[in-house]
Structure formats: C-alpha cells, structure tokens
Amino acid sequence: QQQVRQSPQSLTVWEGETAILNCSYENSAFDYFPWYQQFPGEGPALLIAIRSVSDKKEDGGFTIFFNKREKNLSLHIKDSQPGDSATYFCAASAATGYQNFYFGKGTSLTVIP
Amino acid sequence: AQTIHQWPVAEIKAVGSPLSLGCTIKGKSSPNLYWYWQATGGTLQQLFYSITVGQVESVVQLNLSASRPKDDQFILSTEKLLLSHSGFYLCAWSLVGGRDEQYFGPGTRLTVL
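Residue numbers (this note's numbering), protein chains in the order written: chain A, 1 to 113; chain B, 114 to 226.
It is worth saying that the hints were derived from the structure and are not from the lab.
Ideal Cβ placement from N, Cα and C applies to all residues, glycine included.
Hints may contain errors.
[Said to hold, decoys possible] Example chain A residues on the side facing chain B (calculated, C-beta under 7 Å, incomplete): (1) ALA29; (2) TYR32; (3) LYS68; (4) PHE103.
Make the full structure from the sequences, and use the hints.
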C-alpha cells in the first residue's frame with residue numbers, strides 16, 4: 001500500500017511560471033512532511049519541510065500548502081527556472097520510535113526556457 | 114560543516130558475488146544513520162537505521178545486512194547478490210534525538226549482471 005502519493009508523475013512548465021506539485025497521504029499519524037529535490041545521479045537534497053501544525057511554509061521561491069483535514073499538501077515553485085528541472089519527492093513521517101520516512105514516487109519537473 | 118561520503122561511487126557485480134558499500138559522516142557526533150535503496154527512476158525505500166554504534170535495525174528484508182562498526186561509519190553488505198539488488202544506494206544521517214531532517218549522501222550506483 002502506497003502511503004504517500006504524488007501527482008502528476010511528470011510536469012512541464014515554461015520558465016517564469018509557477019509549478020505546482022501535489023502530494024497526499026493515508027496515515028493520520030504523519031506529522032512531518034519534507035520535500036526533496038533530486039538531480040540525475042545525485043542524492044536527494046532537502047528542499048523545504050512542514051509540520052502538521054502549520055498550513056503554510058515559505059522558503060525563497062518554494063511554498064508548501066498543507067491541508068490536514070484533506071490529508072494533502074502541495075509544493076509551489078514560483079518563477080520556475082530551467083535549473084529547477086529535477087525530480088521532486090514528497091515524504092512523510094510520524095512520531096514513532098525511529099525516523100521512518102515514507103516517500104512518494106516523485107514528480108519529474110521540466111522547465112522549458 | 115558536516116560531510117557525508119559514500120564509497121564506491123559505482124559498482125558492477127555478478128549475481129551471487131558479495132557486496133560491501135560504505136558510508137562515512139564527518140562533522141557530526143553520534144548521528145542517526147540510514148540506508149536507502151532507490152530503483153532506477155523509482156522511489157526511495159528505507160532499508161536500515163542505526164542510532165548508535167553496534168546497533169542496527171532492519172526496516173525491510175532484501176537479503177542485505179548492515180553494520181555500524183564506528184560512530185561515523187555505516188556499512189551495507191550481502192554475501193550473495195541478486196539481480197534485484199541493482200539500483201542506487203543512499204546513506205543518510207539525522208541529528209541524535211532529532212526526529213526529522215534527514216540528509217542524504219551522493220549515493221552508490223550498483224549494477225548486478
């Protein structure tokens with residue numbers, strides 16, 4: 001059972017547009033949601049994260065909108081640049097005894113100049 | 114500043130041969146350490162975690178084992194590789210007591226033929 005789902009699987013936007021990546025989850029116990037950015041052949045890099053007590057988190061051109069009732073969140077990438085072309089993973093974890101992260105399948109973003 | 118190093122960068126191995134992958138963290142004392150596996154173009158699956166030297170917990174069974182011989186070192190190994198072991202292996206760390214914010218290494222690409 002996929003605990004974290006992402007959509008779309010791939011997304012293409014023009015340079016300067018806002019890219020919107022979606023994520024939903026099943027487990028109500030999840031309370032921490034990081035987004036990772038991964039370039040081909042590299043390890044994922046932590047981009048931005050939100051806790052379930054908040055409904056919005058901003059960092060530079062990246063914003064997470066979180067809806068606890070609907071169990072979904074979205075990552076908005078403002079003024080997308082070709083260098084933002086990468087795969088983005090949504091993950092989730094709960095306050096268990098260890099830090100078990102559940103990752104979605106990722107969204108591949110392409111920004112066309 | 115903390116650095117995470119994985120070795121080797123890439124490996125090509127035969128089915129049935131042994132494997133040993135390594136990970137070293139510098140600049141952080143007694144971090145929590147994790148091993149992840151990522152199929153080509155796929156999501157990340159946590160394999161093992163360790164909160165202290167000599168103690169490793171398994172998250173999923175993939176005919177792999179892990180050990181933490183030193184505070185800053187994490188080893189992933191198997192005596193007999195399977196075709197299904199091919200993929201990208203990632204080491205990650207987080208702060209002791211901190212439940213969140215896992216940081217990934219550069220990864221090791223494993224091809225089993």
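Hints, one by one, checked against the model:
1. Nearest Cβ of chain B to the Cβ of ALA29 of chain A: about 13 Å, over the 7 Å cut. The hint is violated.
2. Because the beta carbon of TYR32 of chain A sits about 5 Å from the nearest beta carbon in chain B, less than 7 Å, this interface hint is met.
3. With its C-beta approaching chain B no nearer than about 17 Å, LYS68 of chain A sits outside the 7 Å limit, and its interface hint is violated.
4. Annotation: PHE103 of chain A was flagged as interfacial toward chain B, and the flag holds, the nearest CB pair being 4 Å apart, inside 7 Å.
Violated hints, in rising order: 1 and 3; the structure is consistent with all others.
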